[in-house]
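Q: Read top to bottom, the protein sequences are chains W and S.
FYI, the UniProt record's numbering numbers position 94 of the first sequence as 94, with every residue one higher than the one before it.
FYI, the UniProt record's numbering numbers position 205 of the second sequence as 205, with every residue one higher than the one before it.
Please keep in mind that the hints were generated in silico from the structure rather than gathered at the bench.
For glycine and all other residues, C-beta sits at the position ideal for the given N, C-alpha and C.
You can trust all of the hints, since none of them are fake.
Not close to chain S: a few residues of chain W, all C-beta gaps over 10 Å, as computed:
1) Y92
2) S168
3) D175
Sample of chain S residues at the chain W side, in silico, Cβ under 10 Å:
4) P47
5) N84
6) A109
7) G257
Residue-level listing of the chains:
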Amino acid sequence: MAFPLPRGVTASEIAFLAEMETVTIVPRQRLEGLELLGGPIEPLVPPRRASLPLWLALLLKRQRRANIIPPTWLHPEPLALILEVESQHQDYKNAFSPPPPLPGQPSILDRDALPSARPQYTPDGNRYYAAPPFLHQNTAQTVASSRDPPSLPFHWVEVGNLLLDAASDDLVDPDQIRRLLKDLREVRMAKMRSGVDVLDAAATGGGGVALTGVGSMELGEDRGFITGVVDGLRRIGSSKEQARREQMAEQRANGGYDGTQDDDEEEDYMEF
Amino acid sequence: MDIDDILASVDRGPGASLESAALDHQLLTRFWVAERAVSEVLPWPAPLMERIMDRVRIQIETIEDLAASSETTLPTTANTHNPNLNLRLSILQTDLARSQYIVRSLLRARLAKITKYSMHYLVLLASRNKNPLASQTQSTASSQNPNQQPEDSVPDISELTDLAPLSEPETSFLHAHQTLLAGHYAGSFMGAFPRQLRRLDDNAGGTSMIQGPDLKEVVFVRCLGAEVPVVVGGEEEEYETGVTMRMGDVWVVRWEGVKGAWGRGEVELL
Numbered sequence: 001m002a003f004p005l006p007r008g009v010t011a012s013e014i015a016f017l018a019e020m021e022t023v024t025i026v027p028r029q030r031l032e033g034l035e036l037l038g039g040p041i042e043p044l045v046p047p048r049r050a051s052l053p054l055w056l057a058l059l060l061k062r063q064r065r066a067n068i069i070p071p072t073w074l075h076p077e078p079l080a081l082i083l084e085v086e087s088q089h090q091d092y093k094n095a096f097s098p099p100p101p102l103p104g105q106p107s108i109l110d111r112d113a114l115p116s117a118r119p120q121y122t123p124d125g126n127r128y129y130a131a132p133p134f135l136h137q138n139t140a141q142t143v144a145s146s147r148d149p150p151s152l153p154f155h156w157v158e159v160g161n162l163l164l165d166a167a168s169d170d171l172v173d174p175d176q177i178r179r180l181l182k183d184l185r186e187v188r189m190a191k192m193r194s195g196v197d198v199l200d201a202a203a204t205g206g207g208g209v210a211l212t213g214v215g216s217m218e219l220g221e222d223r224g225f226i227t228g229v230v231d232g233l234r235r236i237g238s239s240k241e242q243a244r245r246e247q248m249a250e251q252r253a254n255g256g257y258d259g260t261q262d263d264d265e266e267e268d269y270m271e272f
Numbered sequence: 001m002d003i004d005d006i007l008a009s010v011d012r013g014p015g016a017s018l019e020s021a022a023l024d025h026q027l028l029t030r031f032w033v034a035e036r037a038v039s040e041v042l043p044w045p046a047p048l049m050e051r052i053m054d055r056v057r058i059q060i061e062t063i064e065d066l067a068a069s070s071e072t073t074l075p076t077t078a079n080t081h082n083p084n085l086n087l088r089l090s091i092l093q094t095d096l097a098r099s100q101y102i103v104r105s106l107l108r109a110r111l112a113k114i115t116k117y118s119m120h121y122l123v124l125l126a127s128r129n130k131n132p133l134a135s136q137t138q139s140t141a142s143s144q145n146p147n148q149q150p151e152d153s154v155p156d157i158s159e160l161t162d163l164a165p166l167s168e169p170e171t172s173f174l175h176a177h178q179t180l181l182a183g184h185y186a187g188s189f190m191g192a193f194p195r196q197l198r199r200l201d202d203n204a205g206g207t208s209m210i211q212g213p214d215l216k217e218v219v220f221v222r223c224l225g226a227e228v229p230v231v232v233g234g235e236e237e238e239y240e241t242g243v244t245m246r247m248g249d250v251w252v253v254r255w256e257g258v259k260g261a262w263g264r265g266e267v268e269l270l
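With the rest of the complex left out, here is chain S (with noise of 0.2 Å):
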């Protein structure tokens, strides 16, 4: 135990983590209903997560002393207790599989995502963390390289530290099946191509070969701020507004326009 731990332990006093338990699971429950309805892979809230896992990890020891307390005691208190403890035992089983649910059906949604946009994950991820003139060396070696393959296409991110939207696991995970799929590619059909047109981040013709998420699709929202303003173009463009949504309302909007809203915590997907 270092010093890290204890402080750990002094910030969830147990008056704080009671309140924080019930606001926890209702900041999951929002954010697993988001992840299910964007066609994007959401920023990972890795300190929420770890939060998560660390009450599903206590709860289930809380269950199994639970369970060997029954047994145990089994024989003299039968009559009188077992009934409750039975009880008590199944109400916090299903409260942890309903937990444990959502916990793998938002990581199943964005391993879904993961892999349907793979490509455009790790140019997005390589784009960031590279300096320009290491990557422009890159590739025109690469474009000489007469035996070029699938792979080669496939960026190297094992330095990156900046992983958004990702978590860790997920991009070695993504790097991992990029890279299998890549050979797997070049083995049943892209090895007999010319080698020019072996590359998986082809772009030539302007028409680029990455196919990334649509941000232009609708979604469902309910507003939550007094008045939330809807964004014409993405976060990048010029700051011009259309329509306004205000508190309580129900809107059909394109994703880009309230994106900035929702990472503001003033509008809510449904």
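Only chain W is shown next, with the shape it has when bound in the complex (with noise of 0.2 Å):
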């Protein structure tokens, strides 16, 4: 067997992810500059702010070498202002609080203004648009005006956790922070269960279930389940799809669309 995880990647590959989110850090000694794979390593001067992968801050972190400054979020007050809107807020009874914009993305308050998004260009010609973990989301100044209210990036559960086990003497009153996080958790995994109802609409060709905001461990955990329950529902309602999508050939047939009614009676027979 050439690979025994399952589908999609698992908690161990998602924490692996979480440590090449960038983190702000002060060091305590000089470092030259250093070119890494993943790309170039900013000169360490102490003590001016540098900004390093989380595994390698967590590296100069525990060989003393570097204090690592919380990301701005990773903060008793923002916690307990994300926990408000999660647990009290109207808006977000059934869904999670918004996630941080990605870059060109308007803020969750001016709701009207367009997303722009700005793609990067890949050496081979193709649209590249960042996405976590290679957002400065988990750093100590973050890109984002000062006016947007609090939010949990992508990978707040293993980010909060790996800097709770190695640094919590760099974080403002761990032990409340711990509490927080541990409240969110709850929060948002029975938002994550009480969701299942509506899995059906992602069972249906061009259907979905949105999850924004959702976090990539909470993500990993729920993965099995939900695509377990969303192919279950798709197996039993695959007829009810057989007989929807036969009737639109139909229609279309009869509209004046000839010709496409033949391909579709390829492919239904295809699938069985």
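Could you fit the two chains together into a complex? Lean on the hints.
A: In structure tokens, the structure reads:
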């Protein structure tokens, strides 16, 4: 067997991905810049702040060569605010609190503004839109304007726990943070469970269920459950979907679209 | 060194290579996550993997040079430089190991899918590059062959040029694997079957023996473009769209509905 792991990244792989997030540190010693495979590392000159991938920051922290400055969201006040929104706010009874905006995405405060995605181009000429873990969502000075409400980044569970484990002396009131993170996780887990009712929508062709604001680890935990439920529902509803599609094909044929019916029939045949 | 090498070295100027190292790393990570998330084998990103493997090779040389220099200079500069040198070495090695882990995991995930759906991909490759006349004569000839063996149903793909979605080594692995497997089946039980039942790609009664990946399985995606519609049915069918995802949204949708958008880089698999 070439590969024993199930489909979809597992919990340890998610933690591995979270270690690619960028954090801010204050180095305690000099280190010349390095060219890593994951990109260049700026020279470390104490006491100037530097931005490093989390795995490197943790490596330096464990050797007491640096202090990690906690991300903007990993303080008691913003976490308490997010917890209040998650548990009390009417709009988010059944939804997660909004995630930090992607570059080019308008802030949650002005809903009418249109998003304008700004792609980079890869060396092969394809478009590339940056996304977590490669956005600076866990640095001390976030790029987002200060009027934005605090929000949980995609890898909040992993980054929060890694920092609590390895750098709790750098955090403000780590016990309080630990409590808040646990509360947040429970509130959001309950939401994930109660959302099972709507999973039927993802079982139909062209349909889907929105999970905007979900964290990577939360997704990993429920991936097997959700895909299992949706695939089961799809199998149960496949004859109904088949009938609907045949009906639509018929309507198209009557409406003057000819030639598509043959294709559809062939397709239907192939599935059985 | 020929002209292509010189051109390549100019293309990869020192400034550009730093930028693209970070970008390539992000592309590799995203591709790895995607490959882990879907049931079919994704198109092999040959240029990207070539660049990554080049960098890995150069990085290994750098680490070896550093390690060698630390040994030679040990007696004189042990007190001043050595702690930092060791730190630099360990950082470089950790970084290298992380990249190698992604590449290994990616390749193993692809191999697992190739072996699982080996007949599907062989038939897919063979059907694309063969002219219909030749395949017809071959199939009639094989059905008349009294000594029909399971190996005969393994298509010959040695002449193919278009190998998508597989890479060249993967294709030769696929063919060798399936030939061995068919030989094993023949030796262990299929040899005792009536000869019209010995084909591995039997589709008598409208049921195909070949199992392919299920494109209707759901995946988790993040929408990166401004607005991305979910397509009903596969790409070949009519352009019928379902729900529309907006930028930054995370959705549970069928893979076949967002496959086109993934190819354009407008959605990311999670």
